[in-house]
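J.: Going by this note's numbering, the sequence shown runs without a break in its numbering and finishes at 315.
Keep in mind that the hints are not guaranteed to be accurate.
Claimed, not checked - Pairs of lysine-lysine, PhoX-like flavour, derived with a Cα cap of 25 Å:
#1 K30 with K59
#2 K149 with K185
#3 K71 with K149
#4 K216 with K288
#5 K259 with K30
#6 K260 with K288
#7 K149 with K55
#8 K59 with K71
#9 K59 with K149
#10 K259 with K288
#11 K260 with K286
#12 K59 with K260
No lab work stands behind these hints: they were computed from the structure.
Just so it is clear, the structure is predicted and the values come from calculations on it, not from any experiment.
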Amino acid sequence: MKDASTSEDDSNLLVLIIDTNPFVWAESAKATVPLSLDDALRQILIFINAHLALKYNNKVTVIASHVGHSKFLYPLPNEETVQIKSNNGSRRNANMYPNFQFVTDQIVSSLQELFANTDPSSLQEGPGTSSMVTGAFSMALCYIHRITKQDELGHIKPRILILSVSPDSASQYIPLMNCIFSAQKASIPVDVCKIYGEETAFLQQASNITGGVYVKVDNSQALLQYLMFAFLPERYARNYLNLPNQDQVDFRAACFCHKKIVDIGYVCSVCLSIFCSWSPVCSTCKTKFAFRPMLPPAGNRPKIGGPIRGSPAPN
């Protein structure tokens, strides 16, 4: 769909959400085609620098979707930025553009601090160790809202890119759908790059509803190639490119009662809550439903005492 609201002179704000779940990245490093978080980060940093080099007024924001919480990796508050500058001032690379080096150093330092403050003993692999993609998604929307409010001319065009390795978390379905519809209302496309693991139904829906790009990486060693060809083009350039699209979208939902993904469920007609089993009372809005048997139309009703239509006549 052509985005007529964009122009060639717009400033493009890329909000990058990186899934930093240590359990899933450990599995990815041992896969048939291995990809560790360090190798992925090197390719992601090259992609970020390419986005900044594409246009002088392009901007980038990086958020980590970690286990139990989310955190801004770039930009950081002024106090932390000054500290990183002082720590990295003595090892400046003369062969690297200063702005690229500053962004790279800040992201790497923030990631190192994130994992240094993560206590492995407090994390036990299981259902409760899923990535907080919903928290990172909410932070991205709030940041975009603040930045666009400061842009009185409306030249900043934001988009969100989620780099996912974790499976769907049914417990995050409701807040995730709220984020998806908020992004749709604000005309913010949500791109999804599924680096490792099975297809994610919820993020497929996010990309489909907001008009973004969804790509499942088949060869994780070629992650940079996927990022460059599918996710580097800005919103204006996408009007003239044939980007990957989804042939099939998994529209399954998670029930509100047991937080599990269901193929067929029962929907409350008042609050649209989804349940995996029938109940006469909606547990969300407490609506009571009075079910009555459905009678056939008056012309097709059988006569009292006569044979039922469609049944053999008595001898």
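J.: Hints first: check each against the structure and report whether it holds.
T.: Quick rundown of the hints versus the structure:
| no. | hint | result |
| --- | --- | --- |
| 1 | K30 with K59 | violated (34 Å) |
| 2 | K149 with K185 | holds (15 Å) |
| 3 | K71 with K149 | holds (22 Å) |
| 4 | K216 with K288 | violated (43 Å) |
| 5 | K259 with K30 | violated (30 Å) |
| 6 | K260 with K288 | holds (24 Å) |
| 7 | K149 with K55 | holds (22 Å) |
| 8 | K59 with K71 | holds (18 Å) |
| 9 | K59 with K149 | holds (16 Å) |
| 10 | K259 with K288 | holds (22 Å) |
| 11 | K260 with K286 | holds (21 Å) |
| 12 | K59 with K260 | violated (38 Å) |
Hint compliance for this structure: hints 1, 4, 5, 12 are not met, and every other hint is.
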